[in-house]
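2 protein chains.
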Amino acid sequence: MTVIPLSESKDPRAKLALERLNQLKSQLNLSPSSMSRQAPKDMAKERAAAEFNIEELAKFWAGGDEKYRLLQKAYEIIKNDPELVVQPPRNFLELSRDEMREFTMGQIYRVFHVVKDTKDKDLAYEIARATSMYSESFSMRFFVHEMLFRNVINMLGNKEQQDRYNDDISNYRIFGCFAMTELGHSSALREIETTATYDFATDEFILDTPTITGTKWWIGMAAQTATHAVVIAQTIIGGKNVGLNWFVVQLRNKHTGELEPNVQIGDIGEKVGHAGVDNGWIQFRQKRIPRIDMLAKWAQLDRQGNYKPAPNPAVMYATLIPERLSLVTVTTQMISQALTIATRYGVVRRQGAKNQQIMDYQSHYVKIIPAIAFIYMVRSTADVLNEHFDISTAGGKMDPMVYLNHMGDMHAMSACLKGLTGWYSSEILETCRRSCGGHAYSAYNAIGHIIGDWGVMTTGGGDNVVLLQQTTRYLLYRLEQKLEFDEYPDLKFKSSTIYIKDAKRYLENKRWLTNDASDCIKDFTKLTEALHTILVKRLYSIHTARQQGTPSDELLLDSVRVAEMHCATFMFNVCAEKFGQPVGTPGIEPSVLAIMKKLTALWGMHVLYTYSDQGFKEGYFTPEHIKSIEKTYTDMCKSLRHQVIGLTDGFGIPDFVLKAPIAKYDGDIYQTYFDTLLIAPRSTGIPPYHGKYIKPLTERENPNALKK
Amino acid sequence: MTVIPLSESKDPRAKLALERLNQLKSQLNLSPSSMSRQAPKDMAKERAAAEFNIEELAKFWAGGDEKYRLLQKAYEIIKNDPELVVQPPRNFLELSRDEMREFTMGQIYRVFHVVKDTKDKDLAYEIARATSMYSESFSMRFFVHEMLFRNVINMLGNKEQQDRYNDDISNYRIFGCFAMTELGHSSALREIETTATYDFATDEFILDTPTITGTKWWIGMAAQTATHAVVIAQTIIGGKNVGLNWFVVQLRNKHTGELEPNVQIGDIGEKVGHAGVDNGWIQFRQKRIPRIDMLAKWAQLDRQGNYKPAPNPAVMYATLIPERLSLVTVTTQMISQALTIATRYGVVRRQGAKNQQIMDYQSHYVKIIPAIAFIYMVRSTADVLNEHFDISTAGGKMDPMVYLNHMGDMHAMSACLKGLTGWYSSEILETCRRSCGGHAYSAYNAIGHIIGDWGVMTTGGGDNVVLLQQTTRYLLYRLEQKLEFDEYPDLKFKSSTIYIKDAKRYLENKRWLTNDASDCIKDFTKLTEALHTILVKRLYSIHTARQQGTPSDELLLDSVRVAEMHCATFMFNVCAEKFGQPVGTPGIEPSVLAIMKKLTALWGMHVLYTYSDQGFKEGYFTPEHIKSIEKTYTDMCKSLRHQVIGLTDGFGIPDFVLKAPIAKYDGDIYQTYFDTLLIAPRSTGIPPYHGKYIKPLTERENPNALKK
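One line per chain: the protein sequences are A and B, in this order.
For the first sequence, this note's numbering gives the first residue as 16, with consecutive numbering after it.
For the second sequence, this note's numbering gives the first residue as 16, with consecutive numbering after it.
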């Protein structure tokens with residue numbers, strides 16, 4: 016059987032495919048070997064070795080018992096719905112760009128109807144989540160409309176504008192896209208070229224693309240779907256550029272799909288991933304829109320041409336914060352899948368039946384286990400940051416002053432979290448790929464597809480180097496405030512930089528006082544002390560270098576590394592607080608809390624280990640410290656070696672979502688993998704070009720042939 | 016214009032496409048911006064800044080003046096040959112799997128004829144090389160037959176067998192594949208399941224696939240092309256397994272392409288890259304072949320059933336050494352392209368016309384420049400190792416004892432070179448991808464395609480961890496020989512481990528005596544001293560840990576890192592010897608020698624910097640050393656910042672081979688990039704599924720619509 020058995024497929028071609036498959040199989044030797052027999056046994060043994068209740072962990076991961084129940088139900092619903100999940104003999108991982116575009120739009124259409132027909136709104140939400148787990152193209156296309164477009168309207172539009180659009184957005188009477196990036200401009204938004212010039216005579220804005228590099232580029236949903244866009248443009252009033260604003264522009268006729276006059280749109284074409292997302296380019300040729308379509312919560316223009324700018328130009332980018340935080344959701348969606356695949360393969364694969372499981376190699380588990388811990392840590396960190404975001408936006412109501420006060424911390428944290436998560440996740444994906452050996456090179460084992468989709472996360476939504484540098488700039492600002500004025504701001508939530516309050520004390524620390532790094536496992540405060548000391552010392556070194564005239568570009572690599580470490584430490588702090596409580600604390604099942612505590616300790620050690628060079632550079636660590644940290648870290652990984660199946664089962668991802676035969680839940684991978692190949696198009700037979708290119712060469716007789 | 020202008024295309028569809036393109040363009044605003052005008056100026060300025068003669072460097076890179084001339088000619092020949100290079104409006108980067116399979120076989124067919132028709136055999140060679148540069152699928156498919164298959168026949172077959180096959184191989188009357196890997200077995204060759212049982216009665220071997228996991232898997236050229244295979248199998252004689260041997264097996268009828276009786280073959284299907292290579296699986300069902308098709312240079316079986324085993328079972332894997340060394344060629348082919356793309360984009364891209372070139376960011380050039388140096392170092396190292404290989408195989412004649420004496424070093428070096436090159440190259444590719452920002456996510460900018468193709472290099476041909484561990488095992492063996500017996504073997508070439516001769520002296524070094532790391536630039540012996548000291552100390556630490564009973568698996572990560580460092584140091588040593596000579600030395604143009612000397616110094620510092628943690632772990636480096644190394648390293652990168660265009664121009668890769676519009680030689684990237692999108696299939700218009708999935712939603716009126 017394939018991952019979804021052909022016999023259960025809702026595809027009309029399945030019956031014929033099954034007959035053909037059985038015929039092929041009758042010609043093959045598919046007897047199990049000692050290896051293939053061993054695999055399911057290994058899997059069962061690994062699963063039994065979990066020292067925690069796996070189902071409880073899965074419930075915790077899903078967000079509670081009820082959400083878990085609904086998500087399971089949602090998976091059951093979508094699994095056999097041919098408009099949501101590709102049914103065999105077709106394979107999702109083999110769809111062409113055109114097929115993916117259509118299938119993904121079909122998913123949106125279908126989800127809309129399923130959600131509309133479902134009385135249970137919580138279940139409806141889980142159906143969208145389950146579909147997002149199944150297809151990142153769906154997730155992205157859905158997200159562009161549901162989040163990016165909607166957020167801009169709601170965070171930057173006034174009440175009237177929100178009312179004008181929200182009902183149509185929710186009911187998909189319009190589809191929106193988010194037109195920010197241009198061919199020539201991404202990270203430097205101030206350089207955006209598109210203009211919106213106010214025409215006093217007609218009370219309209221004229222949107223225009225002045226040059227080739229001002230073409231809006233990469234705009235998701237623009238190429239084929241969107242009826243509307245929110246567009247960021249330089250606002251020209253009375254001949255003067257008053258800065259950036261967002262405008263709502265209709266792109267297409269809602270009935271015919273034809274482009275609106277003065278709008279030119281085309282497709283970005285073939286991409287590395289996200290084939291189902293119709294990224295497009297947009298040009299405006301003197302396109303007129305009414306004044307009331309300039310989003311006006313923060314900046315306003317009246318009929319008389321009086322322009323009132325936003326209290327701070329940065330609010331125009333406020334929507335970038337939830338965009339970045341959403342990357343975290345994508346991380347948990349995608350990286351958890353790659354880790355599940357690599358982990359399952361890692362415990363069932365042996366190099367010959369008598370050899371050890373490949374997961375038993377140090378090089379294997381020391382990479383995989385901290386990555387698993389990371390995903391759990393990211394999840395908890397995201398909860399806290401989303402909470403902070405809700406506090407600073409008052410649940411969407413957004414008092415400008417409150418928001419601006421808190422924006423610094425939110426911006427810095429969302430920036431470094433995107434940077435760290437983006438980069439570390441791509442490292443994890445590469446680890447997962449290598450962990451599956453050659454079999455990750457088969458498209459059918461899904462990891463290549465995940466890597467393709469992931470690509471955009473490290474380069475879209477702001478360059479990570481720029482983002483991390485911004486975080487460090489903020490940290491330096493806080494440090495300088497503290498050192499020069501002994502000031503520290505008050506926020507409505509606990510700032511990520513709170514440790515800077517004690518900067519002076521940290522700077523006085525000379526050598527690390529902990530001789531045996533394993534003491535840190537028992538006492539998180541020891542870890543915190545070391546991490547904060549290193550961070551403050553590194554920040555202070557950068558600060559000093561700047562004071563002494565080192566150009567900031569020459570401090571770029573140092574700055575990036577500090578920002579990463581700040582983020583990783585913040586994650587540790589959040590989880591240490593959350594999971595540091597004694598086992599038995601209500602609200603979290605004891606075995607789940609116990610394993611989370613271990614993962615937190617491992618993560619803390621991972622940070623200490625990864626950034627130990629920073630400690631060494633500051634003279635805080637000796638070679639003995641370094642060796643002790645390394646030993647503790649690898650020992651901890653080893654001690655968690657047999658928890659890997661439980662931990663990845665905790666992500667609760669069904670086989671049909673993972674798609675990879677080598678990651679089958681039951682460990683019986685080889686037959687499924689082989690079947691997947693056998694039902695693929697043109698899996699056997701003479702290639703169509705045989706007569707053209709092969710036969711003319713091979714049919715020739717060798718004039719000098721030796722007699723046999 | 017596109018990279019190959021439509022007006023020059025040999026595709027019959029080009030004329031219509033050009034008309035359509037011009038019509039589309041007439042509707043768009045394609046005025047240049049200050050940014051797009053600046054780009055070619057930046058490129059010209061960067062090119063002029065080269066402190067060496069770029070053409071001389073390109074000649075050096077190509078392997079001499081004559082080779083350079085022929086390669087240029089070859090590029091001109093293939094550029095407008097529609098069977099070798101995809102002509103617009105089709106785009107190589109958009110071909111489907113089926114199209115790639117056919118096109119790639121067409122290239123082989125065409126190259127065969129071009130080569131046959133060309134009197135100039137050197138030019139013929141360069142045509143194959145140019146085509147390999149253009150398509151890695153071609154390169155791989157060509158390599159499987161020309162190298163893997165042929166090498167096995169020649170290195171493991173006796174004279175009669177060589178005579179029997181070589182002429183057919185050279186004339187493509189047969190196509191060969193290399194059937195080693197099985198579904199369940201790759202790195203542990205001893206566990207291979209396929210059996211070859213001698214049938215005394217008929218004087219035949221019976222090849223058989225005993226179980227599902229014994230299916231030959233990933234076999235390149237097996238799915239659609241190969242008429243023959245060399246197959247490694249357990250040899251059973253008189254009921255006894257006498258070990259592994261290689262067998263030649265006919266797979267398909269040379270006239271019809273039909274499978275031979277008792278052979279089952281299918282396609283591996285969709286892969287992450289190499290769509291043009293027909294990887295397949297093979298099962299033998301009691302397939303009979305004559306005894307004389309067991310390759311018999313080393314092991315022989317006579318008609319009486321007397322089996323004479325090879326002098327050392329390791330010779331059966333001898334062909335893996337040239338296979339690994341060939342990875343180096345692939346590296347120079349593929350990574351040089353990605354680096355050229357990232358570098359060219361890096362110097363023409365600014366975040367707005369007034370901002371700096373992105374290449375000016377420290378985070379950018381500190382990653383890109385050492386990577387460029389690496390490629391030049393790899394090239395020279397490969398020359399030396401190929402020379403070693405020729406010495407130890409006596410140019411193919413292979414005296415068994417000589418070969419066995421030298422095999423240790425060859426094996427260790429090919430193993431660690433594959434490990435280091437594979438991993439570092441994938442890191443470089445990721446750097447290149449990120450360096451191009453979002454535009455690397457467009458398939459048309461080629462980096463995604465290169466990454467897809469590269470994937471197999473880090474997982475195929477032996478797991479890198481296993482390979483690097485083998486190298487360390489060899490290094491430890493040498494160290495122990497030296498320390499215990501004060502012995503050091505004599506080889507016909509300079510062993511990579513020669514520094515171990517002085518192990519005792521290195522072990523006595525306490526602290527690094529160089530206080531200012533920049534001294535190393537002037538005096539390579541200082542660098543060598545530091546690198547060798549660290550290597551010997553690390554090896555000794557591992558040796559000691561083993562003596563004290565640490566299980567070898569717990570030393571795996573340490574072992575891998577030492578092997579990497581050994582390899583990187585060897586590369587430095589090779590190049591220091593080659594380029595350390597005074598400028599003016601005959602045989603190498605002075606400005607080329609000068610820049611190579613700088614790249615060698617940079618590479619040496621890169622190794623010191625990258626493995627500085629190994630030095631501080633051993634107490635050899637102080638924090639001040641670390642800071643000095645870091646400063647010297649980043650300063651050196653900065654000093655080479657304006658050489659990047661000259662250095663990548665030195666690879667001499669034409670635009671049509673690079674394919675990426677953002678990497679145009681003249682720097683005029685934006686218009687070309689836009690045109691590439693415009694001529695792509697379905698670049699504009701209403702999608703076919705509009706009526707099915709979009710219109711039904713968007714055409715609905717909002718019942719509560721506010722009056723406008």
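These are computed hints drawn from the structure, not numbers from a lab.
Some hints here could point you the wrong way.
Pairs count within a copy or across copies, as identical chains cannot be separated in the list.
The calculated lysine-lysine pairs, modelled on DSSO-like cross-linking and capped at a C-alpha distance of 27 Å, are [claimed, not checked]: (1) Lys-525 to Lys-646; (2) Lys-40 to Lys-255; (3) Lys-94 to Lys-519; (4) Lys-286 to Lys-707.
*Evaluate Lys-286 and Lys-707 at a C-alpha cut-off of 27 Å and name the case that applies: within, between, both or neither.*
between (31 Å within a copy, 25 Å between copies)
*asked:* Regarding Lys-40 and Lys-255, is the shortest C-alpha distance of 27 Å or less found within a copy, between copies, in both, or in neither?
replied: neither (74 Å within a copy, 30 Å between copies)
*Measure nothing new, just compare the shortest in-copy and cross-copy C-alpha distances for Lys-525 and Lys-646 to 27 Å and report within, between, both or neither.*
both (23 Å within a copy, 23 Å between copies)
_Status of Lys-519 relative to Lys-94 across identical chains (alpha carbons, at most 27 Å)_ = neither (58 Å within a copy, 66 Å between copies)
The structure shown violates the earlier hints numbered 2, 3.
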